[in-house]
Every structure is written in structure tokens, then in C-alpha cells.
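With the hints as constraints, model all of the structure from the sequences given.
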Amino acid sequence: MEELYEILEEMQPEIDFHKETALIDDHLLDSLTVLSLISELEDAFDITIPAVEIIPQNFNSAEAMWELIQRLADE
Amino acid sequence: MFSISSYFSVEYLLMLLPACVFCYLILPKTARRFSLLLFSWAFFWAVSGKLIVYLLVSIVLVYVFGLWLGSLLEKQKQALASCEKGKKKAIRARFQKKMLWVVVPGVLLHIGILLIVKYTPFFADNLNSLLRILHIPAAVKPLSLAAPIGISFYTLQAASYLIDVYHQKIPADRNILRIALYMSFFPQIMEGPICRYTDTASTLWEAPRIRWENFIRGSERILYGLMKKTVGADRLNLLIKNVFDGYAANGGYTAYDGFVIALAALCYTIQLYMDFSGTMDVVIGTGEIFGILMPENFKRPFFSRTISEFWTRWHITLGTWFKDYLFYPISMSKPMKRLTSRARKRFGNHYGPLFSGGIALLCVWFCNGLWHGSGWHYIVFGLYHFVLILTGSLILPLSIRLAEKLHISRDHWLYHFLQIFRTFVLVCFGELIFRAKSLGEAAGMLKKIGTAFTFASLKDGSLFTFGMNQKDYLILFVLLGLILVISLLQERGVKIREAIAGKGLVIHYLAIWALILFIIIFGAYGQGYLPVNPIYAEF
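Chains as they are written, first to last, in my numbering: chain D, 144 to 218; chain L, 396 to 934.
These are computed hints drawn from the structure, not numbers from a lab.
Using N, Cα and C, we set each Cβ at its ideal position, and we do this for glycine too.
Just to be clear, a hint being listed does not mean it is correct.
Stated by the list, open to error - Computed beta-carbon distance windows for the label pairs:
| id | chain 1 | residue 1 | chain 2 | residue 2 | range |
| --- | --- | --- | --- | --- | --- |
| 1 | D | His161 | L | Gly839 | 52 to 58 Å |
| 2 | D | Met154 | L | Ile881 | 34 to 40 Å |
| 3 | L | Asn570 | D | His161 | 43 to 49 Å |
What the hints assert, rightly or not - Take a look, some chain L residues computed to stay more than 12 Å from chain D by CB distance:
| id | residue |
| --- | --- |
| 4 | Trp440 |
| 5 | Gly753 |
| 6 | Ile784 |
Encoded structure:
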């Protein structure tokens, strides 16, 4: 989880990822940032994130992203 | 014959809708859903007549292809249950491939019908122009097919259903009548919102009882939409028609100077908002009466600070459709992912994704432009927004650095206000291209704004003879002021209807009657006015 926070904070230092729970719904992360983030997450955690998983529920918070990463790593 | 021209017509608001509500109220629960379906088809028939056959064919196609996908998923499940652990990946890949061969033709059939019905003359005209340029003595005779109402909207709903079944987001529905209701529900068939299956299908089928508070809430929303349309959109129509559709004998738009053309573009932007968001108020309000919650299509778009944000607040369901079914599938395809990964390493986190994202954005905005209509100016309208969004992303780091150097706070209200103003001006220019009859006329209008901008018509008063007089402008300002106050309160999280209802019964009903009176007194109807046709229904 700490590694995820590091990635997120490096990418968007002005966002408090410990608090935000509506990153997509409140448009804090736009589509292009999401693309960059996915690429970083795939490299860092050795997972493949399919397009169908790119839904607000999976990216609205750091916790949701972490759950997604763990689920995809288990598959 | 009984016909309906729009959701603001007497036939809809005072005949079809009350009749549907009445039948819904007196019928038992199991019959309500069928009454909704029959009224939906009656509505479609009243607008498009025999062309309802297109909708029925689409419903059958969605049902059949959905079931086909469902049976493949069932077979996959059985195969996975009885296989060894190491073979699961191969089985999944085999069935994925099979399902792809079902979902792609299913979606393409729908898109194909849309292209043939809506775009054949456009493609034929362009092909003929190309043949002429190449001096080939041949010509294609374009098929002239009448398009049923809402085909651009229900086609996207059909495609989203099939793709969602393919991705196992939803199960294939075995009930064709539930699919029919999802595809045909009368308030949203003409202009959206483009609903997903999970948004409305189960509630529609459940057909909840009409509750008094829902009836009042829905009616209030309908009245608010009616106000935007009759007091705002219809009032602006005469000036807009004079400038954009001016008679050739009078010189068309060339009869006006740059100021009047710019004013008409501004008025058209406001009209489009009043017409489309007003229609959405009627549509969503109608849904609320029946206890059906449809997704919002507008969230105060003119408060947007960037073009990118604007498209998350304007025609939201179209934007999310393109994002989910075009942008991400393209940008997340294997070659694009490789491109993103390589570009990130070379150009960093900000510029890296712009390569694959840019290609995906180009596809989205080309399709977005084309979806709106068959004309090059629509495609240019789409590409105009593509360029603005991409440029916005490209210069973002630069503008942040510049603001830091100049000690300008990017969080200051004045900075935000300037961003909002800039975005609004850019949107108005886009809408000018959108509304112009052709690309040539759009270019001519922009040229006049740049080269012949004078306030002469304002000084000599001739501006008030171009369709809107002083009284019209005054009423418009009052309306815009009212909507601005309501929008500002909504931006702060105030729920207007709840807030008024909370003030007590007397104030609540006084507010409703005040709204009705405002529409009756200041609505732009009757002699001398020309109601605007539902703009988005033509797309």
C-alpha cells in the first residue's frame, strides 16, 4: 500500500490520497492521468489492467486501487 | 393523425403524459410495465410513424445477440468448472475469442444501420466530389432514407448493453420485454440521456407505484425545463435564425457585422443549453414522476474552467459513453499500452500518455462530431474540441510554471473567473461552427467577427430589429439571472426543490404557481415568435 501512495503522490503531489474518496467522480484525475497511472501500476505491481476495469469504483480512492491491484495480482 | 413534435408540445405535456400517468395509476402492478411499454411505442409512433420498425428490429437484435453471448458465457462457466487448474487461462481465451465474434457483429449491425440511415447522403456526396476531382465520369446516387427519431441515442444504448454483457458487467437478459422497455422508454428515446442497462432496466420493469411527492418533484422539474425552453430558447430563436439562416436574397449572415454575428453565436450557445438542458429537465422530471431515476446530462457546464471539464458537465452521458466504449478500449489496447509505457519513460508522466491518449482522443472527437450530424462542420466541431483539449494538456505544465514565476495564485477566484470566461468564449466559437449551415459559412462568420467588429448596430438601435427587441433582452437577462442564482446555489450543494419544500406548504405551492405564471407571462409563444425545434432530436 505504501508503494501505491508513493506512486500516487509522485504523480499528483497536490492531492491528498489518504483522504480523497472521489478522485474520478470529482474529476481530480482526468483520463490522461489515469492512463499514466495505469501504466505505472502495471509496471510496479506486474499486473495487467484491462479497459473494462477502468470504472470510477476502482479508481476513486487509493484503497479502491489497492483492492483492484490485489485482485488482479491474484488472478 | 395524432402526432408529437417535442416534449414541450401540448400533445405530450397535456395528452400523452397525463394519459400514461392515469393508466399507470389505475392499473395493477404487473400491468404497469406493459402500459409504459405501450405508451412508449405510441409515443414513437406519434413522432416517427412506421419507422418504429427500426426500433423493433434493434430490440430483437439486442435480445438475440445478448442471449447468444449469455449462452457462450454459460458454456465457458461449465468448461471452467470441469477443467484442470492449468487449463483455465486457455479456456477463457478460447471463449473470449468466440464471444468477440458475436459482440463485434452485434454492435456493428447497429452502427451499420445508423450509418446507412443517417449518413448515406453525406458519404455519397463526398464520394461524388472525389470522383469529380479525379475526373472519373461516374456518380453514386445517394439513398434517401428517413431516419427514425432517437436512432443516434438508442443505438448507443443497444451497443452499451451488448458490450456490458460481453464484459460480464451484466447478465444477458432473457426477458425481451424488459429489454424493449429499456430501449424504448418514451421520455428518453428522443434526446437521451443515454442510459446504461443498470441505470433503468430493473426499475422500469419493477414499475414502482406513483407517489405524491415524486409526482410533485417531477412536475417541478418539468416546469423548470419548460421555463428554460419557452422563456429562453424560443425567445432567442428569431435573432439566431435571422443571422444563421438569413435569406440569401438579404445576403444571409453577410448582412450583419461581426458584433451581431458574435452575439448570435453567444445567443445560440445559450439557446442550445436552454433547449437541451430544458428537455433533460422534462425527461428526468417525467422519469421522477414514475419513480425512475435517470442519469443527469448537465451539471452547470458554464462554470467549467477548462474545455476538458466542460465535457464532463455538458451532455455527460454521451461523454461517458465515448470514454468507456471508445477512449479506454483504444488507449488500453496492447500496442497503445506499449506506446504509453515507452513514452512515459522518455517524456515523463505528463507528456508520456499524451501519445496514446491523443490517438484515442482523436478517434473520440471525430466520432463525437460525426455523431452530431452528417456534415463536415460537425466533424470540424469535434476536431476543434480535440485540439483544445490536447493543447490544454500540452501547455498545462508551462502555465503552472508561468503562474509560479509571476507569483499568480492559481487558486485565486479571479484566476478561476478568467479560466471560466476563456472556456465560455471557446465554447461559443465551437457552437458557431456547429450551428453554421456549412464549413464555408462558419469560416465566413469567424472572418467577419475578426475583421468587421463594430458596435454600430447597438449605437443606432438597429440591433433591436434583428428579431429581439429591448423587452426580449430584458426578459432574457432576468431569466439568466434567475438560472445563475439557482446554478450557484446548486454548485454549493443546495438542493433547491428540497429547500423550497422545507419552507412549508404555502411557500412551496406559491413558488410553483409563481413559476407557472412566469412561464405564461414571459414565455415566447404566439404571434411573432417561432418555437425552436428540438435541437438534439435531430442528431
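Could you work out which earlier hints the structure fails to respect and list their numbers in ascending sequence? 5 and 6
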